[in-house]
Amino acid sequence: MTIQWKMVCKQSDLVSGAGVAAMVNGEQVALFYVPESEKKVYAIGNWDPVGKANVLSRGLVAHLKNEWVVASPLYKQHFVLASGQCLEEEVKVPYWEAKLEGDAVYIALH
Amino acid sequence: MTSTVSFLTTKPHLVVIGNGMVGHHFIEQIIAQGGHEAFHITVFGEEPYLAYDRVHLSEYFTGKGAADLAMTDGSLYDRHGVRYFTNSLVTEIDRDAQQLLLQNGKRLPYDKLVLATGSYPFVPPIPGHQRENTFVYRTLDDLDAIRACAQQVTRGTVVGGGLLGLEAANALKNLGLETSVVEFAPRLMPVQLDEKGGAVLKEMIEGLGVKVYTDTATKDIVEGESAFHRMNFADGSHLETDLILFSAGIRPQDALAHQSGLTVGERGGISVNNHCQTSDESIYAIGECALWNNRIFGLVAPGYAMAKSAAGHLLADFLGQVGVTFTGADMSTKLKLLGCDVGSVGDAHAQSQGCKVFVYQDEISQSYRKMVVSEDGKKLLGAVLVGDNSYYDTLLQYYLNGIDLPAQAQALILPAMDGAPVGLGVDALPATASICSCHNVSKQDISDAVCNGALSVGDVKGVTKAATGCGGCAALLKKVVDNELLALGVEVSTDICEHFAYTRQDLYNLIKVEGIKSFATLLQKYGKGHGCEICKPAVGSILASVWNDYVLKKEHISLQDTNDRFLANMQKDGTYSIVPRIPGGEITPDRLIVLGKVAKEYGLYTKVTGGQRIDLFGATLSQLPEIWQKLIAAGFETGQAYGKSLRTVKSCVGSTWCRYGVNDSMKMAIDLENRYKGLRSPHKIKFAVSGCTRECAEAQSKDIGVIATEGGWNLYVCGNGGMKPRHGDLFAKDLDDETLVKYIDRVLMFYTKTADRLQRTSVWMDGLEGGLDYLKDVVINDKLGLCAELEASMQHVVETFQCEWKTTLEDPDALKTFRQFVNYEGSDNNVVFVEERNQMRPATDVEKQQLIAKVG
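Protein chains in written order, with the UniProt record's numbering: chain A, 1 to 110; chain B, 1 to 856.
Chain A extracted, bound-state conformation (with noise of 0.2 Å):
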């Protein structure tokens, strides 16, 4: 099986350390671009499952027992950037394979 790129926006369009958010084929996907990390930029969904808006893009972003977690503005629950696991509690949200090349941020499509 081969996997679907899309490309999404430019680097230039992400904010380093911090979140935005983006409308791939109709659902909505909170970009993280984090340098200091292996993978450089995360795509999880934008929808906060606890606070119930779609805020997660604009949440800190934090790096936690080694993990990089998104906490959420609106309860603080940490949103797991690798995998969208929540810490607190049994909920997870979307989470999207992402890559930079070049000038280009790519998200692998389920």
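If you're looking for bench data, these hints aren't it; they were derived computationally from the structure.
Just so we're clear, the structure is a prediction, and the values are computed from it rather than from any experiment.
Ideal Cβ positions, reconstructed from N, Cα and C, are used throughout, including at glycine.
You may find that some hints are simply not true.
Said to hold, decoys possible - Per label pair, the in silico range of CB-to-CB distance:
#1 A:His110 <-> B:Glu769: 57 to 63 Å
#2 A:Ser83 <-> B:Leu455: 20 to 26 Å
#3 B:Leu488 <-> A:Gly26: 50 to 56 Å
#4 B:Arg841 <-> A:Lys40: 38 to 44 Å
#5 A:Lys40 <-> B:Asp459: 31 to 37 Å
#6 A:Ser83 <-> B:Thr432: 40 to 46 Å
#7 B:Leu486 <-> A:Gln4: 54 to 60 Å
#8 A:His110 <-> B:Gly74: 24 to 30 Å
#9 A:Lys40 <-> B:Tyr774: 46 to 52 Å
#10 A:Ala108 <-> B:Arg107: 52 to 58 Å
#11 B:Leu488 <-> A:Lys40: 37 to 43 Å
#12 A:Gly102 <-> B:Val608: 48 to 54 Å
Based on the hints, put chain B in the right spot on chain A.
What follows is chain B alone, placed relative to chain A:
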């Protein structure tokens, strides 16, 4: 014709009638012990909702919804194959055939049956009790009806001055009604309190503006003259009220037991033995419908204990052992009613043979405490507390665990005079001590949980369920957990987070002394890892306090919480609110018109805030820059409502307009606001300036309060409103303008440099050794020789002020981050507004579903 339901299973069928807190707990207990493997389980609930937290029912009026109070969303039942039916009434038990008759006419066989039908509120048969606008306080539906009625009327009365009655009175008061309580007995809370305790409580409650009638019988309720009802009392007097709420006790819901011929007590209640079995051994009764040893227990903890014992007995064959038996329960209670602490332990009425009593009463601070001890003075038998519950936990532990009282037992209820801790260290508690009575968690259980790796209060709660019932034991739980951690040699750390082994003040000093200007440099020199949502904003705030850089500079942007990052306040639906600065609350008609125009153009919800500003709600991320463009063009500046910084300086009109004003409070407020705007501090700070001692600006409830006097200004410091209000302390009297500003400079800068992260000024001062006197020594007498530096630091902040929105609008890079989506021009389709009182507000989940359904 009736039909019988049958299953494709050979497992015996266990049916639970009633899905309240106790019925739900029973199922949790069964599942926890694997009982869903042994039984096919069905549960019936009469209400439209699955079990919800009735103990915290009143919170439904203070912002919690049905979903917040729900104890399960059904997923636990689904996962373990428990069938559940809401809105379902069981109308008959046919014990001979071991079948239930349902409301819909169907019959359902059972092998074991558990009655958890609870109780219903007793409504005294006063003529007129069925009139419109009369209610009881039991279910979510009751509360909906009360709220709907309260919105139309002004006066409300609760009949019954017991625990629940006072809670209901509090709810009516919070709904904005003039509230009265009518109690038949000679005192409030007759079950838990003695005469004196009831009298003190009455005085406190009346002090809060609730009228209390004790020793009062209602003869009848008729049409009122000035209100909807008139209640005629036995002594010939009367009370006019619009809404009546009956809270005169509960009666066990035992109709099914009567119908099926189970043994029932003389005054109601289904008789049960120590396994909670009824007179029919395949039928159990638990909770408020059950009568044990001729007693009904109207609290949740005994109900949970019954559930546990019934579950254990039912599963005896399956588990090969009988669980705990029910041998009665402790009825001690601790409550905060209408803001008054009330506690009752054991034999509050001193009825035990030969008992002795200690009483402490303080009429000035309105507190009353009584201890009932055994004849030999060695054991605590009971206690009554009114006004201050900080004594409760210790007394309860002495009582529950039969611990020998100290020689000077009276010290347990006396106020601490020399600051020496009185009472029982958690060390002294035996391992069997019950810490959480709702879930029957002992000190040993907590110790085991900690040993097994639960290293925080949160983890221990998760493992043991302690403090997840009524929550009354939360403080004690924390003490026990800390104590256990200490015993294990785990240090309770003051580090700000896992990335910096320093306190906020340490970091402040490092940044200042070493001239560090970015998070990356600080992390490289003094931290480890990559930072988190605790240390990043804290360092961002310190950098802003010390250097006053633009917060959205590239290297600072990822340090900012969402409000600081987008210079606006995020609301629950992800939109933002906008607060321009209006120094001192003074605004020209022209600017007022601009605010109105902008709000109208963008369809924003508009509200005047408690701090005399105007808040515009409902702006989306991408609208923020356009809106600010317009506001700045009209001369507005950012109000920093988003930051931990100076918010408002509230003011009255002072000597300019007011007949009583002795000084120009308006000018002083504007000057102070303009001086300190933009100062980043550990917590948000508020000021107020009053033009005379009438204190219309409420300056004493602010971090910095200024009140005009004939001789100049009185300065108050470190007060606050909010959750734990505190009056400010008088710091200096009759100051001239220049000295006033000098002192404020020094106090604020000393606070900014030394307070902990998110520490309010009041907590900061309480933590200073020497408190107010020390602060005076530092600020007025320059004890530390710091005053010149404090003033210089403040002057730097004042001189480098910039309007963050103005800077942002001039920076194309910063503006880019305000796009809703990087690759799409549309808006967030989850942001949906509806109209209420001629303005828009966020749609609720239900409304969204309806709106989407309509569109679809």
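Here is what the structure says about each hint:
Between A:His110 and B:Glu769, the C-beta spacing of about 60 Å keeps the proposed range 57 to 63 Å intact. A:Ser83 and B:Leu455 have their C-beta atoms about 24 Å apart, which keeps the hinted 20 to 26 Å range intact. Take B:Leu488 and A:Gly26: their Cβ atoms lie about 52 Å apart, and the range 50 to 56 Å holds. For the hinted restraint 38 to 44 Å between B:Arg841 and A:Lys40, the CB-CB distance of approximately 41 Å keeps it satisfied.
Between A:Lys40 and B:Asp459 the Cβ separation comes to about 33 Å, which falls inside the hinted range of 31 to 37 Å. As the Cβ distance of A:Ser83 to B:Thr432 is approximately 43 Å, the hint placing it in 40 to 46 Å holds. For B:Leu486 paired with A:Gln4, a C-beta distance near 56 Å keeps the hint of 54 to 60 Å intact. Distance hint for A:His110 and B:Gly74: a CB-CB separation of about 29 Å, consistent with the stated range 24 to 30 Å.
Checked against the given bound of 46 to 52 Å, the beta carbons of A:Lys40 and B:Tyr774, roughly 51 Å apart, stay inside it. At about 56 Å, the CB distance of A:Ala108 to B:Arg107 agrees with the hint of 52 to 58 Å. In this structure the supplied range 37 to 43 Å holds for B:Leu488 paired with A:Lys40, their Cβ-Cβ distance being about 40 Å. The hint said 48 to 54 Å for the Cβ distance between A:Gly102 and B:Val608, and at roughly 52 Å that hint holds.
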